[in-house]
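Enquirer: These are the residues of each chain, in order.
Protein chains: 2
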Amino acid sequence: MKIESLQNTNVKEWCKLKNKKDRDQSGLFLIEGEHLIEEAQKQNLIKEIISCEDTLDADFYVTKDIMRKISSQVSISSRVAICYKKKEEEIQNKILILDNIQDPGNFGTMIRSAIAFGFTDIVASFDTVDLYNEKVVRASEGMLFHVNVVRKELLTFLEEIQNDYQILLTDVKKGKNIKEITLQDKIAIVIGNEGQGVREEIKNMASQFIKIPIQKTCESLNAGVAASILMYEVAVRK
Amino acid sequence: MKIESLQNTNVKEWCKLKNKKDRDQSGLFLIEGEHLIEEAQKQNLIKEIISCEDTLDADFYVTKDIMRKISSQVSISSRVAICYKKKEEEIQNKILILDNIQDPGNFGTMIRSAIAFGFTDIVASFDTVDLYNEKVVRASEGMLFHVNVVRKELLTFLEEIQNDYQILLTDVKKGKNIKEITLQDKIAIVIGNEGQGVREEIKNMASQFIKIPIQKTCESLNAGVAASILMYEVAVRK
Chain V
4 MKIESLQNTN VKEWCKLKNK KDRDQSGLFL IEGEHLIEEA QKQNLIKEII SCEDTLDADF
64 YVTKDIMRKI SSQVSISSRV AICYKKKEEE IQNKILILDN IQDPGNFGTM IRSAIAFGFT
124 DIVASFDTVD LYNEKVVRAS EGMLFHVNVV RKELLTFLEE IQNDYQILLT DVKKGKNIKE
184 ITLQDKIAIV IGNEGQGVRE EIKNMASQFI KIPIQKTCES LNAGVAASIL MYEVAVRK
Chain Y
4 MKIESLQNTN VKEWCKLKNK KDRDQSGLFL IEGEHLIEEA QKQNLIKEII SCEDTLDADF
64 YVTKDIMRKI SSQVSISSRV AICYKKKEEE IQNKILILDN IQDPGNFGTM IRSAIAFGFT
124 DIVASFDTVD LYNEKVVRAS EGMLFHVNVV RKELLTFLEE IQNDYQILLT DVKKGKNIKE
184 ITLQDKIAIV IGNEGQGVRE EIKNMASQFI KIPIQKTCES LNAGVAASIL MYEVAVRK
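Taken in sequence, the protein lines are chains V and Y.
Per my numbering, the first sequence starts with residue 4, numbered consecutively.
Per my numbering, the second sequence starts with residue 4, numbered consecutively.
Since the hints were derived computationally from the structure, they do not count as laboratory data.
For each residue, glycine too, the CB sits at the ideal point set by N, CA and C.
Some hints could be false.
Straight-line alpha carbon distances no greater than 25 Å define the calculated SDA-like cross-link-like pairs of lysine to any residue that follow [to be verified]:
no., chain 1, residue 1, chain 2, residue 2
1, V, K88, V, Q76
2, Y, K214, V, H38
3, Y, K45, Y, H149
4, V, K219, Y, K138
5, Y, K45, V, H38
Computed spacing ranges between beta-carbons, pair by pair [unchecked claim]:
no., chain 1, residue 1, chain 2, residue 2, range
6, Y, E7, V, K138, 50 to 56 Å
7, Y, K219, V, K23, 41 to 47 Å
8, V, K5, Y, F212, 47 to 53 Å
9, V, T12, Y, F212, 52 to 58 Å
10, V, N166, Y, R240, 31 to 37 Å
11, Y, Q76, V, V153, 30 to 36 Å
12, Y, Q44, V, E163, 30 to 36 Å
13, Y, K67, V, K5, 31 to 37 Å
Far from chain V, some chain Y residues (derived; all Cβ distances over 10 Å) [stated by the list, open to error]:
no., residue
14, I49
15, R115
16, S231
So here's chain V without its partners, still in its complex pose:
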């Protein structure tokens, strides 16, 4: 189908997906570019493909002006796709838990690293940035199609898993070097907000406080980097 009017109903619906509210209501989100489309196809999550070039395979063909309106990027892609959100799945042995992560780039980077290091499940607090925010999608480099992200009230969730999982939480003062920790099979790593860290009531749920040894000049690592190094350590120790 060919669309040439910026006022077309489909175009309006696609543009709405820039808002979290509309993504939540429709259960849909938008991705841009070939790499993401390829990853979404692997998981059968594509509803429809929109192209601004006749030569490419698509469900809808639109003008460059329409594509510019749909896209959130400075240089528009030739194809974008509308995807179904992933269904939540059962949680496995290695969990990354996110307490109020606000930076979309950090969230996306953590998803990418999680898949790289075999953490297929991420449990995020309700106040963590939306998984389907276009910057999260982009920074995840398509890995969001492979990860199981579940939203939970973290305190309740940690109470449920605390007998089964070793809950690791970073603390610069009382934390033990991650290298010196005996790791169990079932592990949950908790990463806190970029500015405030992990909330106090959640800190109380830790099985073990850990730290990544760093030079004194530097107060802390970027949240995405800290999460990645901890998951890397767990992956290489197994």
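For chain V, the structure is supplied; the task is to place chain Y on it using the hints.
Expert: Just chain Y, lined up with the frame of chain V:
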């Protein structure tokens, strides 16, 4: 001194510092917020402080409107400062080498991790994003005041150091697990562009190809994360 006009010459000069060209010409750059000001003060790099609140110490007091014009952030800070760029220093034993890094957030994150893991020198190609770009400054969390960033033509620089330094370069295919590498005292880690990786002619300069073992589903790590894990490995192995 109190400034109330948006047309004031100082205000115009400060706003110009948003452009790389003007930062290069003046040798100055602008930082926002108390944390960065504190870090800049430690290094004696502050030329003047500008405040939009009478109660705070400053060289210039300006209106909120002027501050909004100077600032690059959505929620303006109470104080910003004009800083002198750091002088280039002599290079030590551990170098992070950046070949055409384009994302300011990645560059800032790498600076933060470099200081965390004792890499006090960064050698960046001329096409790497500007160190004094406000997003780089912000993402570095003040660590840019502690790092020695030097711009070089990388090929020439690598030729100069190749007899003295172990030049480590990531390669997913032929790289050896970083854990299995014998590390020398003088180490240079080369990180390439986010999309294209390291240029071929620079690849030829490697003493050793390395890799961070990751799951097959994930093609690669974020450049900032990869750099951080490699520097972490070097730091903990010493």
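Enquirer: Decide, hint by hint, whether the structure agrees.
Expert: Results of checking the hints against the structure:
A C-alpha spacing of about 21 Å is found between K88(V) and Q76(V), which places the hinted pair at or below 25 Å, so the restraint holds. For the suggested pair K214(Y) and H38(V), the alpha carbons sit about 23 Å apart, so the restraint of at most 25 Å is met. Among the hinted pairs, K45(Y) with H149(Y) is consistent with the structure: their alpha-carbon atoms are about 9 Å apart, no more than 25 Å. With a C-alpha separation of about 24 Å, the suggested pairing of K219(V) with K138(Y) holds against the 25 Å cut-off.
For the given pair, K45(Y) sits about 45 Å from H38(V) by alpha-carbon distance, which is inconsistent with the 25 Å threshold. Judged by the Cβ atoms, the range 50 to 56 Å given for E7(Y) and K138(V) is violated: they are separated by roughly 38 Å. Checking the proposed 41 to 47 Å range against K219(Y) and K23(V) shows it is violated: the Cβ atoms sit about 32 Å from each other. Distance hint for K5(V) and F212(Y): a CB-CB separation of about 49 Å, consistent with the stated range 47 to 53 Å.
A hinted range of 52 to 58 Å for the beta carbons of T12(V) and F212(Y) is consistent with their spacing of about 54 Å. With their beta carbons about 36 Å apart, N166(V) and R240(Y) fall inside the hinted range of 31 to 37 Å. At roughly 33 Å, the beta carbons of Q76(Y) and V153(V) sit within the given window of 30 to 36 Å. At roughly 48 Å, the beta carbons of Q44(Y) and E163(V) sit outside the given window of 30 to 36 Å.
A beta carbon spacing of about 50 Å between K67(Y) and K5(V) contradicts the range 31 to 37 Å that was offered as a hint. At roughly 18 Å from the closest C-beta of chain V, the C-beta of I49(Y) stays outside 10 Å, upholding its exclusion from the interface. Residue-level check failed: R115(Y) sits 6 Å from the nearest beta carbon of chain V, not beyond 10 Å. With a minimum CB-CB distance of about 4 Å to chain V, S231(Y) fails to clear the 10 Å threshold, and the non-interface call is violated.
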